[in-house]
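Asks: Residues per chain are reported as follows:
4 protein chains.
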Amino acid sequence: MAKTLNVGMVGYGFMARAHSNAWSNVSHFFDTGYRPVLKAVAARNTEKAGGFAGMWGYERVENDWRKLVEARDIDVIDVCVPNDLHAEISIAAAKAGKMVTCEKPLARTAAEAMPMIEAVEAAGVPNMVWYNYRRVPAVMLVKHLVESGRLGKIFHYRAKFLQDWTISPDVPQGGAGTWRLDVDAAGSGVTGDLLAHCLDTAMWINGGISSLTAMTETFVKQRKHSDTGQLAPVGIDDAAAVLTRFANGSLGTFESTRYARGHKAAYTLEINGEKGSLAWDLHDLNRLQFFDHSVEGQLRGWTNILVTDGDHPYLGKWWVPGLIIGYEHSFTHQVADFLTGLATGKPASPTFREALPANQVCDAIIASGQSGQWVTLQT
Amino acid sequence: MAKTLNVGMVGYGFMARAHSNAWSNVSHFFDTGYRPVLKAVAARNTEKAGGFAGMWGYERVENDWRKLVEARDIDVIDVCVPNDLHAEISIAAAKAGKMVTCEKPLARTAAEAMPMIEAVEAAGVPNMVWYNYRRVPAVMLVKHLVESGRLGKIFHYRAKFLQDWTISPDVPQGGAGTWRLDVDAAGSGVTGDLLAHCLDTAMWINGGISSLTAMTETFVKQRKHSDTGQLAPVGIDDAAAVLTRFANGSLGTFESTRYARGHKAAYTLEINGEKGSLAWDLHDLNRLQFFDHSVEGQLRGWTNILVTDGDHPYLGKWWVPGLIIGYEHSFTHQVADFLTGLATGKPASPTFREALPANQVCDAIIASGQSGQWVTLQT
Amino acid sequence: MAKTLNVGMVGYGFMARAHSNAWSNVSHFFDTGYRPVLKAVAARNTEKAGGFAGMWGYERVENDWRKLVEARDIDVIDVCVPNDLHAEISIAAAKAGKMVTCEKPLARTAAEAMPMIEAVEAAGVPNMVWYNYRRVPAVMLVKHLVESGRLGKIFHYRAKFLQDWTISPDVPQGGAGTWRLDVDAAGSGVTGDLLAHCLDTAMWINGGISSLTAMTETFVKQRKHSDTGQLAPVGIDDAAAVLTRFANGSLGTFESTRYARGHKAAYTLEINGEKGSLAWDLHDLNRLQFFDHSVEGQLRGWTNILVTDGDHPYLGKWWVPGLIIGYEHSFTHQVADFLTGLATGKPASPTFREALPANQVCDAIIASGQSGQWVTLQT
Amino acid sequence: MAKTLNVGMVGYGFMARAHSNAWSNVSHFFDTGYRPVLKAVAARNTEKAGGFAGMWGYERVENDWRKLVEARDIDVIDVCVPNDLHAEISIAAAKAGKMVTCEKPLARTAAEAMPMIEAVEAAGVPNMVWYNYRRVPAVMLVKHLVESGRLGKIFHYRAKFLQDWTISPDVPQGGAGTWRLDVDAAGSGVTGDLLAHCLDTAMWINGGISSLTAMTETFVKQRKHSDTGQLAPVGIDDAAAVLTRFANGSLGTFESTRYARGHKAAYTLEINGEKGSLAWDLHDLNRLQFFDHSVEGQLRGWTNILVTDGDHPYLGKWWVPGLIIGYEHSFTHQVADFLTGLATGKPASPTFREALPANQVCDAIIASGQSGQWVTLQT
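Chains as they are written, first to last, in the numbering used here: chain H, 140 to 518; chain F, 140 to 518; chain G, 140 to 518; chain R, 140 to 518.
Just chain H, same shape as in the assembly (with noise of 0.2 Å):
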């Protein structure tokens, strides 16, 4: 018999319908021993949590997320709110015994991701960080790949986040939508929202980046603030490009933008080995393209790879093959695997510690980009 897990949701934005829908449906299709009950919901707009919650099913609505790090009856805090309030709900809530899952990029900067990795350790609590497209089934096949030695020496690793919402000057920064136009509730532009993912997967598949150097821009230099209606300076990054080594030798590029007009969610990451490459684009989720040096010669070529099979990874639990899946199924693989972590005692990666890394990158990127200078990290 399945243990429920209660679940009180801080926020009520797309994340939270993202996660909502995967601690719903999760029983559905993973047999983990536990199923997760949508319990509780904060938020300050409690008219708003309240359709969220209507939709969804939570059971009740608090007007304050310490409600739920208090009740009795929540076991997990899911924090899917602005990532300048990561910090403080995450620490509250370990501080409180209660397991902690928090939305990326895990906080503004590493300093202030620090004490929440310290909180949740010294708590001794589950904790999570939704870098969700390491369990788009693709990309954890290319995660197996290189690990079996498939791809041989790694030479380069290459990845692009590319989006194109923010073109237009009108976009305002600040409030619902567009917080993550808002230094001060994002902590940066694309490097942390979007970039963040790049570097998470590309250090998890390849291992740490030991130095790196960047450009940022900012095209639109002012935009409205929602929360004066005035023009305000723009201090997010609308565009970062990166140049990396990684500890492994090889070498990296990275590039987010949201001025890439054509290209809606287009991350898209590459990498080459001596013995053969992989490449993969989020628009096509369930493809993976594999060139396998080893097939003989006048048959080489780019396989394109329909992941839907039932020995890929998570792809068991769904439909048949040429059935493919979506973006939300990411978020379902994710609890899937947090459960079974409860489940084994083995946590589910990236744990708060394991998703600092890539807040460090973008510390630095951040940097180089102020400084014009090479950066060395720790790996």
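Misleading hints may appear alongside valid ones.
Where chains are identical, the list cannot tell them apart; a pair therefore holds if satisfied intra-copy or between any two copies.
[Stated by the list, open to error] Below, in silico cross-link-like pairs of lysine-lysine (DSS-like), each with a Cα-Cα straight-line distance of 25 Å or less:
1) Lys142 x Lys456
2) Lys456 x Lys414
3) Lys360 x Lys485
4) Lys282 x Lys292
5) Lys282 x Lys187
Worth flagging that the hints you see were computed from the coordinates, not collected in a lab.
Everything numeric in this text was worked out from a predicted model, so none of it was measured.
Dock chains F, G and R against the given chain H, drawing on the hints supplied.
Replies: Positioned in the frame of chain H, the structure of chains F, G and R alone reads:
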């Protein structure tokens, strides 16, 4: 306040999972005025049905579908069993005043389907057949574009549904998972299973088929039957190819097989008109290819539309641009439309009657495959 | 020291350009022992022929093809005129002891082709029909892979050749550029022009066609004829779709049209076997798609082979890996094989006789399109 | 009547073949007023040069390029030898009053290139550098679209040129075919060989580069040198990645390597503007991807333009829509433009002077790769 709609599921197999997911999550995304409740599952194998009910949260299990039909607390009977059982269950459910949603094809033959149609119409109960691919957003967009005249006069329609899972002669016929190879259970092979989808979409978009000629083949002539454990003649069509004339003067080609190595669920369709063309592929179901001849000459080409924007059909209810959805979402959309139809009184398509032409054309294909003659159809 | 081979070209249109390019550049890339010399062009319109001769360096122009046939210094007659003239010229050339290379289809009908075959065989002169797509490297690779058994038993063959250039009813019939719409000059429409290519390749790769049924259509019933300037009934097929059975037990589907908006020269083919599948598209002629079922499960997919490596057919003579070749190279390859055939005494395929089956199948398609009946063919 | 232009070719390697093809076939397709004649080849290895001359129809062979420079009957000297010889030959040819066309990069460094520029300008002789990719029709279309303002303000430019042919440490440096790995002969590695192309195209389309920072790497530190047969340090860059700022405010990223398994000649470029984006790939050089933001919302996407229509750049001279051209056609176009430039007096781009910025940026990349610092350039 949403009204509850109690679902009685007959079956626990693959389609029952897809339907249950849709009943289960529709309210999280679509505000239709109804909230389905997964009330009961019926199946002879109550152990398996019990496991299924546990995963999905059905409140009880019955060992006979008749108990669902008789149950006071069931509003809608969802028929997810092999084709040979569709008629009896649907008719009984209608007579008991239940709404009925029946997996496609409606029946093994049009003759078998007719009393089903009469029953639901006599009872005046809401009814629907799960031709789910109509509700893929990109396919719905095809429908809208063709109806709006963007393609002008239509010259050609072509569709294929290719699979490769029965190439091995060791695949048995009959029983769970392989009843589709047993002509008694399925009625036909790829024609009813796969071409039925292609034909339903085609006629919905391009109007009726007035005549056809077909070639059918059974590559593996004998397979072990799960009932007896003995080799038995295979009665289904392993492959079928069809030439059609539509009532609007356009030409159609249709093909389906389970012997196309490398294709898993390769439902593709294309439509060519005077002013433009459209093409779609289930393997990449979020994409629609559009050739618009009205574009200035040098810049004409096939536009690869990533159908994930908020103004695309159904997509405003899901995530944000660039984030794809999967196979099962088509069922959620179908349930959403069914529930909306209950609210508005305008039935969601296809009703039992609207699903009949697909059965009629399938019958003609089987007949023509045997006779080698063109068959004329009423349109 | 290479022997010279004096070419007498009959015609100055599109195909004459493609052939002239091949005769002209073959020696720059292929060392066959022969060096073609562009000796003379014959055409009634000597002004246009003169301009053509000037561009290509033909040494003289004749106002009648008979003068080429009679000329002592001409070794090979290249027939690049409308189909209705193929027989007379080819037969006369053969009788005069000239080698003959004839543009496809060999003739308007198989009946018309038979005396041509008899003439070249009686004269014992080298002869070839320009089914150039056999010599696209990727198509040649298909041939090699199928012959080597890489696909195992074949289940399906499908090919299409789609164009869109005659959708406008203002396109005339008859005359330069549009004689292909005039049934007297062309013999048939898309069947002889486009399907003939598909059928020639198909039978070369997959063996003979034993029976077929076809649907043909003429969408625009009347077009202005260039001879009279008056509207006249259109005698050609605008579109044709065909179901075939091959002698090896596999099923074929073929389709061609000039009413598929957005397709320019979309010759595509696919072949499905027990062990694998292959697919090719003329628009991307340097690429071959290969699904190899022998690959380990998780890594199976369609491999996109960029057929530009030195060990790919013909490619060792061109550039370096990754640098593609174009349409006209297929003709250069055909000339190279023809010249090699002269040196070795082993004729380059297809000879006139080897090109006959394509004509026979085209005849059957036209007949079946009219009768609605299956037609049986000798294989 | 076309004037003859006598070509003196220096070299007989890969580029000499590509250029000879262009000189040889340009008159078959383009009516420029000039007809090149392949007059003489010069090389120290007269045996190999003789074989080359025989294939291509050069009338004579010289054992020293100086003989071509001195020859009365030579109009244009085509420099197709390793980079370290470009300057001496070009300068001598210019001083002798010959036109000079020099393979790219113009020289090993900008410093070495300057006297070349001065020489051709002092002599007043027509001159051109073979940055052939400008003449790929799809790339020319990019140029036209950007110039016409279809993309609006430019935000991003990115280009890569990926290969994989030097991954094996057994590839030697120096000598025929592998002089590109010898820093003395080549000047640099991927930077001068591959990035030079990317940079030339980029600045031609998007204007000057004002600053950059680069990362360079030599993966294989020692290779056998063909001069000595001994292992020697490798002086070239095996890989280079660059961040740039363009004078127009846009950001650039460039990368090149010969260690990207699976990529043969993968020159790709993409440009993102306010109103649209364009992308191109040398492996599929006939295709251009265009995202046009002015299209109505639901129908926006990347349009795959098959650049083979008569109104596309250069294509009216080749075949018919849908029939692709290959790599070598870019050289034919370059010769056609060069000859047209002779006729009109408006030099074909890039002249020696116009090719200088690519060399300057390459120098800056090598310098930044060593220093780790941003380098500022004059634009």
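Asks: Does each hint fit the structure? Answer for all of them.
Replies: Now for the hints, and whether the structure bears them out:
1. Lys142 x Lys456: within (20 Å within a copy, 31 Å between copies)
2. Lys456 x Lys414: Neither: 31 Å inside a chain and 27 Å across chains, both beyond 25 Å.
3. Lys360 x Lys485: neither (46 Å within a copy, 43 Å between copies)
4. Lys282 x Lys292: within (14 Å within a copy, 36 Å between copies)
5. Lys282 x Lys187: Result: close neither inside a copy nor across copies, 39 Å intra and 35 Å inter.
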